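**Student:** Single-letter residue listing:
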Amino acid sequence: MRHFLDFEKPIAELEGKIEELRRTTDAGGIDVAEEVARLRDKAQALLKTTYAKLTPWQKTLVARHPDRPHASDYVAALVTEWTPLAGDRAFADDKAVLAGIGRFRGRAVAVLGTEKGKDTESRVRHNFGMARPEGYRKARRIIELAGRFGLPILSFVDTAGAFPGIEAEARGQAEAIARSIEACLEAPVPFVATIIGEGGSGGAIALAAADRVLMLEHAVYSVISPEGCASILWRDAAQAPQAAEALRLTAEDLRRLNLVDAVVPEPMGGAHRDPAAAIAAVGQQVQACLEPLLALDAATLRARRREKFLEMGRNSVL
Amino acid sequence: MNWISEWALPKIKTLFGGPREVPDNLWHKCPACEQMIFHRDLERALHVCPHCGHHLRIGAKQRLDITFDPGWQRIELPKAPMDPLRFRDQRRYADRLKEAQARAGQEDAVMVAHGAIEGHRAVIAAFEFSFLGGSMGAGVGEALVTAAKLAVLQDAPLIVFTASGGARMQEGAISLMQMPRTVIATRMVKEAGLPFIVVLCDPTTGGVTASFAMLGDLQLAEPGALIGFAGARVIEQTVREKLPEGFQRAEYLLEHGILDMVVRRSEMRATLARLIGLLRMPEAAAEVAEGEPVPALPPPAPAGAQA
Ligand SMILES: [Zn+2]
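Chains as they are written, first to last, in numbering that gives the first Met the number 0: chain Z, 0 to 317; chain D, 0 to 306.
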């Protein structure tokens with residue numbers, strides 16, 4: 000069953016009607032077929048206009064859509080010889096962070112991602128995509144492994160943020176994130192990060208201080224969730240839609256601010272309506288970004304990556 | 000040297016020229032033990048409660064005063080774009096920022112200065128918590144990058160005294176990007192073979208802890224300082240558990256292996272001097288670096304002028 004967001008209700012109603020008519024097609028004939036075609040055009044048109052002017056808050060909901068392709072879907076579709084790797088060698092294996100090696104278009108790569116999970120059981124296993132220190136330490140380990148063997152790094156980021164927990168703090172959540180950012184910046188190999196859903200604050204940048212950062216059209220990338228921002232600055236979490244607006248967290252805004260390098264268009268109605276097409280589009284963009292980076296040596300990669308992040312804030316004005 | 004007298008010194012004079020008017024008969028109440036403390040006693044005790052030892056928060060200027068030998072110099076920082084997102088909540092960010100600037104007499108939440116600590120040359124970046132909660136936006140990022148450059152130029156260690164609620168929400172993802180940006184600053188100092196020392200002061204949380212502030216060669220903290228990534232309230236709501244005694248306090252972090260030491264304010268200066276001496280003068284005893292010429296950074300370009 001398709002999951003509809005609140006603002007998609009008119010579309011859901013039309014699609015429901017189409018379903019109903021199709022079920023009665025046997026009895027109907029040509030009239031019904033025409034009606035179905037008419038309604039389908041109407042639904043498509045409505046979908047198009049709705050998604051052409053999503054508000055930042057609506058985009059936040061789309062970015063969190065449960066049917067949206069997750070990091071593991073990207074890996075399954077884009078990476079062959081996929082070999083997951085586990086553990087931070089100190090405490091645990093954090094399943095919120097997906098890590099491993101495989102081949103992307105024939106070339107060996109290291110892959111990192113934050114994985115939210117698909118159903119209740121896997122969501123719990125992946126801790127809803129919120130990593131603990133072990134996750135960031137595993138990421139750092141994989142980045143260093145990639146560096147040692149010259150494997151380009153691809154990351155797929157989709158997280159509400161780092162996990163806020165007692166144990167996470169006791170084991171150095173902040174330090175783990177800081178070291179992971181440092182590892183990204185120091186990597187002697189090409190690094191392409193893609194924000195595929197939610198780019199939640201420190202938990203996201205820990206895997207995304209990359210040479211090229213891509214963002215899906217309806218993904219969001221923010222220093223704080225709209226709800227969190229609203230509860231602090233408006234003292235009311237219900238003001239989240241307003242906070243989403245103010246935070247400028249859409250792909251379009253981040254591109255304009257020069258904080259991401261490119262925006263990957265999504266299939267009409269969002270990546271969740273056609274995951275295969277969304278993933279293919281990302282694959283193409285990642286390939287296009289990776290190609291020129293492969294020609295650069297380690298020192299040049301690092302120097303350019305640094306220059307890029309050192310500029311952020313200097314000239315970023317809407 | 001001239002750059003200091005030409006464009007830094009006049010500013011310093013106007014900012015700090017007039018003594019802050021505090022009547023001598025003023026009493027303070029210790030936020031920890033609630034006992035009354037005579038203003039002059041508090042000053043003399045470096046704002047540490049003489050009754051219970053609680054370390055009260057102090058400002059950036061005072062921090063520099065009590066850490067450096069006399070004669071330290073504050074440097075002017077490159078300007079960051081003002082209110083880049085035209086952010087507005089219940090008030091305009093531009094107004095909040097202007098108000099904070101007027102009140103603090105500084106452009107943003109970090110003051111950068113160079114001088115000597117018991118004769119050891121050093122660059123210090125000190126957070127001013129009263130400036131929008133010491134939050135990190137582009138201005139703070141700029142301050143840390145500038146401090147790192149100055150340290151490298153002067154062949155001096157970089158010491159950062161932190162006090163920050165984390166990222167500055169009103170600068171959105173720009174503030175998030177100050178995390179990698181300030182991490183790069185730490186790399187610049189370390190690659191020059193210089194010590195990068197972090198002193199975590201009350202409170203230091205969020206994006207500041209999760210970036211440069213956890214990457215010190217040495218990690219010090221003041222007693223009782225609140226230090227963490229996530230806020231206590233958020234953690235409580237998430238895990239639905241009571242937080243342990245002393246959670247996210249300096250002593251708790253020391254216990255958990257996240258800090259090297261917790262140092263009382265009265266011993267901070269001597270501790271820093273000793274650490275710098277040990278790391279930088281493995282053979283000779285400390286020498287007084289007085290009178291040596293100190294290299295200067297070129298004046299900052301106006302905001303937006305850099306490509
Ligand atoms: Zn007291």
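Simulated from the structure, these hints should not be mistaken for laboratory data. Just so you know, these numbers come straight off a predicted model, no measurement behind them. C-beta atoms are modelled at their ideal positions from N, C-alpha and C, and glycine is treated no differently. Do not rely on the hints blindly, as some may be mistaken.
As the list claims (entries may be wrong) - Anything over 10 Å on all C-beta distances counts as not near chain D; from chain Z, calculated:
id	residue
1	W56
2	E80
3	R106
4	G149
5	A167
6	L295
7	A298
8	S315
Stated by the list, open to error - Simulated coverage check for chain Z against chain D, where a stretch passes if three residues somewhere in it have a Cβ under 8 Å from a Cβ of chain D:
id	stretch
9	1-11
10	38-47
11	137-148
12	181-190
13	253-265
**Student:** Indicate, hint by hint, whether the structure satisfies it.
**Tutor:** How the hints compare with the structure:
| no. | hint | verdict |
| --- | --- | --- |
| 1 | W56 | holds, 15 Å |
| 2 | E80 | holds, 31 Å |
| 3 | R106 | holds, 26 Å |
| 4 | G149 | holds, 21 Å |
| 5 | A167 | violated, 8 Å |
| 6 | L295 | holds, 18 Å |
| 7 | A298 | holds, 12 Å |
| 8 | S315 | violated, 5 Å |
| 9 | 1-11 | violated (count 0) |
| 10 | 38-47 | violated (count 0) |
| 11 | 137-148 | violated (count 0) |
| 12 | 181-190 | holds (count 4) |
| 13 | 253-265 | holds (count 3) |
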